[in-house]
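Asker: Just so you know, the protein sequences line up as chains A and B, in that order.
Taking this note's numbering, the leading residue of the first sequence gets 1, the next gets one more, and so forth.
Taking this note's numbering, the leading residue of the second sequence gets 1, the next gets one more, and so forth.
If you are wondering where the hints come from, they were derived from the structure by calculation, not from laboratory data.
Take these hints with a grain of salt, some might be off.
Residues of chain A clear of chain B, computed beta-carbon distances all greater than 12 Å [as the list claims (entries may be wrong)]:
| # | residue |
| --- | --- |
| 1 | Met50 |
| 2 | Lys65 |
| 3 | Asn66 |
| 4 | Cys128 |
| 5 | Asn160 |
| 6 | Asp222 |
| 7 | Gly248 |
| 8 | Lys282 |
| 9 | Lys341 |
| 10 | Glu360 |
| 11 | Ile369 |
BS3-like mimics (lysine-lysine), calculated; alpha carbons at most 25 Å apart, straight line [what the hints assert, rightly or not]:
| # | chain 1 | residue 1 | chain 2 | residue 2 |
| --- | --- | --- | --- | --- |
| 12 | A | Lys306 | A | Lys366 |
| 13 | B | Lys164 | A | Lys342 |
| 14 | B | Lys167 | A | Lys330 |
| 15 | B | Lys78 | A | Lys109 |
| 16 | B | Lys341 | A | Lys164 |
| 17 | A | Lys320 | A | Lys336 |
| 18 | B | Lys81 | A | Lys109 |
| 19 | A | Lys2 | A | Lys85 |
| 20 | B | Lys169 | A | Lys169 |
Just so it is clear, CB atoms sit at the ideal spot from N, CA and C, and this is done for glycine as well.
There are 2 protein chains.
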Amino acid sequence: MKILILGADGYLGWSMAASLSEDNHELILVDNYSKRKYMKELNRTPLCKMPLVTTRIKILKRLNKNISFYEIDCMSYKKMKSIIKKHKPDAIIHFAELPSAPFSMLNNKYGWDTLHNNLQSTFNLLHCIKDIVPDCHIIKLGTMGEYGTPNIDIEEGWINIRHKNRKDKFLFPRQGSSLYHMSKIMDTDLIWFYVRNYGLNVTDLMQGPVYGIYYDDKHKNDELVPTFTYDDIFGTVLNRFIVQAVVGTPLTVYGSGSQTRGYINVVDTIKCIKLTLENKPKNGELAIYNQFTEQFTVNELANLVKKSLARIDIFAKIKKVSNPRIEKEKHYYNAKHSNIKKLGLKPLKLDKNIIIDIAEYVSRHKNNINTKIIQPRVNW
Amino acid sequence: MKILILGADGYLGWSMAASLSEDNHELILVDNYSKRKYMKELNRTPLCKMPLVTTRIKILKRLNKNISFYEIDCMSYKKMKSIIKKHKPDAIIHFAELPSAPFSMLNNKYGWDTLHNNLQSTFNLLHCIKDIVPDCHIIKLGTMGEYGTPNIDIEEGWINIRHKNRKDKFLFPRQGSSLYHMSKIMDTDLIWFYVRNYGLNVTDLMQGPVYGIYYDDKHKNDELVPTFTYDDIFGTVLNRFIVQAVVGTPLTVYGSGSQTRGYINVVDTIKCIKLTLENKPKNGELAIYNQFTEQFTVNELANLVKKSLARIDIFAKIKKVSNPRIEKEKHYYNAKHSNIKKLGLKPLKLDKNIIIDIAEYVSRHKNNINTKIIQPRVNW
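Using the sequences and the hints given, assemble the complete structure.
Answerer: In structure tokens, the structure reads:
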């Protein structure tokens, strides 16, 4: 297949590229390095310094010569058009979005940058696909955070509503808790607009917070590890807890810690996307999957990290800090996630070994950890 | 009251300013004339040449000295901030949006301009209000088109959903039929985000297509008539039909003509907004009103124009043309609109006299009509 990956420098984009390069695909990678620029602006550094894609791509090329990279901003309609016209991909995996809730809530500028970048890149993509390769399969990363924490069961993307003796099917109601989440909701609305009006075929993945280092749990190759962030702005919770444990500072639980979310290992994220690549929706169909494997409260995660790492003599403390976010701490949460299993995913359960594995990688780079960037500083 | 009107050069913005200037308010008017620029770019002209706000404001100042105007682009956060900081308004009426579905569907550029202008101006407004005058009442023009044509009754903004023995209240599901409508949906989502997180108080008016000339049916003052468009891109259907009848070309019905919508006279639009000005929601409350007074099919409107104008010896023909839009022509449509009546609106029913009134105004400017800009040219 000819696959275009937008946002190939990122945590998931790079893991995806590395994994797909093992198969016999032609890969076209795109990134504008904007997340790097924002991280630099905010003095946030990843655990390990990441070479640019132009350098890292050489490792992939040992296996697969058919990989190219373009430094392109997806907010440019002209550039997006030229790359799609030139390569006419069979599938496009769209990760080219600013990924952080705290970043989007830092100030007016970053809030608007998040809305603007995410909506315009998605708009450009959809508009170009409609005009140039309408059969191309778009796979888009959404987030479980689009749904918020409603008081009813969260279905997979859609809901049938019966109302006053009539019925219709709608996108499941969405209400995000940050401007980042709002940008993803707008993306979904725009995608469904293009799908129903122009018969595009799109898979939209409502992903839970991801954790992990290696995209492949069989071959744990440090050379191919993606950008691993653990700071207050760009880090996700489980990765951050493990870094805190390794460096000997308490795991900071925001608020009561009873916030429940659906989580997923990066290994499973990559498997899910590969499964959806093989299962293209019909034209005019928007397939939505809730892409997580297990639900945890934040307290459960913290305790699991603590218990697991005690096995390798890392004795973590847990500390509750006042919640920097506006979010419900006590809430109902029951989200469906069976569609991806129907495609064949055998979920990887979060266990001690996985946590120890991540901690050992982090320990090898312990000297790089900057404890000053972990405490939450963005309040909303 | 100190009232800021964003988009004061437009059809509704100007009518609002004119009407409010009769009462004892301080008015701050803002526009960047962008709609004029786009109309010029597309060779679309209104029925009468409109002087700039700086000129027209002199008429209002005969009654009320307390009116100022700023030529400001609401997409500039800095300028939005400075105007709100300077005037600290009690209420803001936000019309500063690109208003046309066909315009948004013309090409990639106008599509993105519509999404971008509408979302960023709303974002800037909400963010400034949160930071500077969180008690200020925002009144925002949405559109009935946000709901689309669902197979269930359209409620006023919200819906209670019972699902698997649990229940919650959500924004009524929305699915627009153009990028313009999508931009309004995104606005509503963003407004609700700011209201629930920061306790702002906002009234969001889901307005149906408007018709009419005078904002006040008692004092029909030609000097204060707003920009009246009748072309394929910026004109609304009833105004367009009347112009077609006056100039002796057939009324062009798109498709079968059974598309049903809720319509409103500009007189009632202005009354509605004045009623909501007097009924500020509580902090943290988003009040949504479906702002239309009567439902018609397009065929009913065409026939009503035909029948009414025969009285003044204008004999119109009706011609069906193939529908340039992707929209359901046969569909269920039953939209609630009782909230605004509860506030006290006595709706003006569309009748022969109203149609004749508009036709007489149009006839006085018959020489200005450009028949070349009426046929639909934007297909989607």
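Asker: Of the numbered hints stated previously, which ones are contradicted by the structure, given in increasing order?
Answerer: 4, 5, 17
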